[in-house]
Every structure is written in structure tokens, then in C-alpha cells.
Amino acid sequence: MRKCYLDHVATNPLLPEVFEAMLPYFKEEFGNPNSVYDLGIKAREAIEKARAEVASLINVKPSSIIFTSSGSEANNFALKGIALAKQGQGKHLIVSRVEHHSVLNTARSLEKMGFVVTWLPVDKYGLVDPETVKKSIIKETILISITHASREIGSIEPIKEIAKIAKDKKVLLHADGVATTGNIPVNIKELGVDLYSISAHQFYGPKGVGALYVKEGLRIVPLIYGGIQEGGRRAGTENVPAIVGMGKAAELARANLNDRMNHCMKLRDRIIEGITKIPNVYLTGHPQERLPHHASFVVEFIEGEAMLLLLSMKGLYAASGSACSSKALKSSPVLLSMGIPTALAQGSIVFSVGIGNTHEDVDYLLTEFPQVINRLREMSPFSGGWGKGSEGDKCYTGG
Amino acid sequence: MKFVHDIKADVTADIVYMMCPMHLLKLDEMIKEIEVGQVLEILTDYDGALEDIPGWCAKTGNEFIGIEESEDYYKFYIKKTVA
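Protein chains in written order, with our numbering: chain A, 1 to 399; chain B, 400 to 482.
Using 30 Å as the maximum straight-line C-alpha spacing, the simulated DSSO-like pairs for lysine-lysine come out as follows: (1) A/K124 x A/K277; (2) A/K170 x B/K407; (3) B/K407 x A/K215; (4) A/K80 x B/K425; (5) A/K42 x B/K425; (6) A/K112 x A/K170; (7) A/K80 x B/K474; (8) B/K474 x A/K61; (9) A/K91 x B/K474; (10) A/K49 x B/K425; (11) B/K425 x A/K170; (12) B/K431 x A/K42; (13) A/K314 x A/K277; (14) A/K86 x A/K61; (15) B/K474 x A/K215; (16) A/K124 x A/K134; (17) B/K425 x A/K61; (18) B/K401 x B/K425; (19) B/K431 x A/K215; (20) A/K170 x A/K61; (21) B/K474 x A/K170.
No lab work stands behind these hints: they were computed from the structure.
Same shape as in the complex, but just chain A:
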């Protein structure tokens, strides 16, 4: 049976070059980077080389990169670290409703600690309006956190415009760049953000390693206390092989970014064109301002988990909603925040392509997916419509 991995927002396969670069640091180069003898020095040099590569990928100074265990840790660190460091100036945060759980749930935990969060609404494409950000800023606002692009709907947020407002109002801006880094050009100097989260496995690096960019001179309270790793801001003996892998993946992403984007966009556009021809299937997220490898939809009258199951039986691997909520059997808060009705949001499906996918993979998907939908709709009690107050005539792309 043909196998097509179309879930690159969940994770990416490790590139062979990345694996090769990591290998020595599991075996002969096993030293602790904080040891003063040559084994430790070699590990330290490898980490600093990786830091320079990651910094170069987003155009920042190496010293502003703090390695973490994941993108989620970077998001937790940004929100909690800044909230605690700046609570003397105010306890108000602004967070969008289309954030990953690692931002949403961190902001909720800060609410429990006495901080006040303004939850920003989004339009039908899942985009935040910079004017709404401006209106939400009050004297006590210390931090704005908005994803650079949602993994669930692929829309790329107007971070540059929001950054100008934040700078003007002297409020810090954090952007979750897990879905964007290594997939679209990211230039922090042009974007103007103060903090930016990254995850290695989203650009063909290893799992278990991420990074947080923290603008030079910014105070941030550590999440993990201990030794002086990462400049005294994130304790714990460094995961040297993973950090080396992240550096190699960053180097390759920077060198091959345009080719990767062009390859993925062609496949993505064919998927969007083919799938939106199926009756009662709608594209979610912005039709143009979206990640080059991302195609997301809602399918009426059926449920995302069922589609995933039948697709996986045909060797097609996709996602429903965000990767983390696919087992939660509840409608995605991101889709609901865009005004998609609860019942329709259950039929969410995301196809995300990668550099290993081919046009034959897309052909296979476009042949099999309509059959999956038909089979499930035949079984669905709603296939004749939602009944009273049917939403069947609504298009969520606005197009």
C-alpha cells in the first residue's frame, strides 16, 4: 500500500545530514559542555556553532538565542518569564484566540496567578486585526503574544504591523514562530518582535529541542532553576546531540528555503484546488496569506477523527484540528474563534506537505479522499443537512 505522510505540521522526518551531524555527540563526543577539559570544550563549541546557525536562520545575534526542550517550553518561558519579570509595571497581557495550547494554557495559568488577559478575536480567516491590538493596550499591558502562523489553519498573522504598534506603545511582543521558522523567511530585525519561539522538528531537525529568541538586554525570569547553562537563564545539562541537530537543520533550512517553499506551494495549491471541488468542503484560513505547505479544510456532515482513521487505512496520514487536540474529541477553539459552527468544526482536516512529498502523493490523495468523504457521509445522520438552521451554504474562505 502507498504511504503518504501529509502531516508535516505534527512533525517532520529527520534529514539524513542532520542525523549524521548528531551521531558523534551520542558516542565519542559525549562530554558535558560545562566541563573544562577537551571533551567538554568540544561539546561547548558544537553548541555555540548550532546557536550561530539558528541565530542566522532568523537574523539575530547568537547570544540572543536560548535553547529549550521544545517550542512549547519556549512559549511557556516567553509568557511566564516576561509576566513575572515585568509584573511590577503591570499585570495585563494580550493573547490571540488562535494560539497553540502552549500559549493558551500558559496565559490561562497566568490568569489564575492574578494576571489579566485580553483574548483577541480573529476574523473569518483567523487573522488578528492590528487595530484591535492597538485598542486593547492599556497602561498596565506588559506583553502581547500572537502566533506568527497557526498550525491549524495556516494563516500568517500581520506580525510586522502589530510589532510597530507594540513598539510605539512600549509593550513587548512575543510571536510563536514554531510553524513559520524554516518554512517561510523569518527576519526578526524586519519583523520587530522582542521574543520568538522556535522548534527544530518543524524544519527537519530532531524532536525535544527548541529555542527562544530574547531581544538583547531584556530581563526574563527562568522557568528552570539550576546551573548557568544558557547564560544563567535556562538550567539543565544541554541536550548536545539535539542542539547540534537543530543547528544543522537550521543551516539546511536557510540554504534551501526557497526551493522547499516552491516545491511545497505547488503541491499545496493542487490539494486546495482539488479538495475544494468536493461539495460542502471549505478551505479554512486565508487563501493567500498562508503557510506554503499547509492546506486545511472543514468537511460538512462528518467528523475529523473518522476521516483520519479511514485515510490512515489507505496509507494517508493527516491531522484534524491541531495535532494536540485530535484526541480531545472536542471542537477546535481556533476554528470556533473564526466563527465556524461547532458541528462543522468537528469536520476539520489538515494536510501539510513536505520536501519528501511528490505530485503522485497528491494524485493519490485526490483520488482517495473523495471516496473517504462519500463513505462517511453515507453513514452520517446529517448527510441531508444539519436540520434546522443548516450551515451548509456557508463558505469559510469568503471566496
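With chain A's structure known, arrange chain B on it following the hints.
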């Protein structure tokens, strides 16, 4: 402890919220970068620095000018007196 006010520093190292022993590592690094006679200001919230920084000055022969308390952190002033 010597408390001081309005000391003019030539160089400042902000290590607020950074873990121990960053205060000593930064002190060691920064003192090498300034000239004899110049004043280094270290900003830290680490209580251990209250003992460590004067102790480091006594050991190295540099002059510990004093500290100033500021909101939720300390400002330490050290004059480089040893080349």
C-alpha cells in the same frame, strides 16, 4: 555593607534573573574589559551576591564601592584598581 547613592558607572552589566554564579562570571568578564579607575555596575536580584561580590573584591584587590537597593534588585559598584 556600604550603601551608596547616585554612583556614576562607566559600564553596566544587567544580570537580573540570571542564575548563580552568573554574577561572578560576569564580574570576572567585565572587569577585564574596563580600564583601571573605571567603575563597573552590576545589576542582580541574587541575594548571594551580597557576600560574593565584596568577597571577590577583597580577594582580587579591586575596590568595592558599595551597593544601592533598587525596587527588586541590587546595584553593585566596583572600581577597577588592579591592572
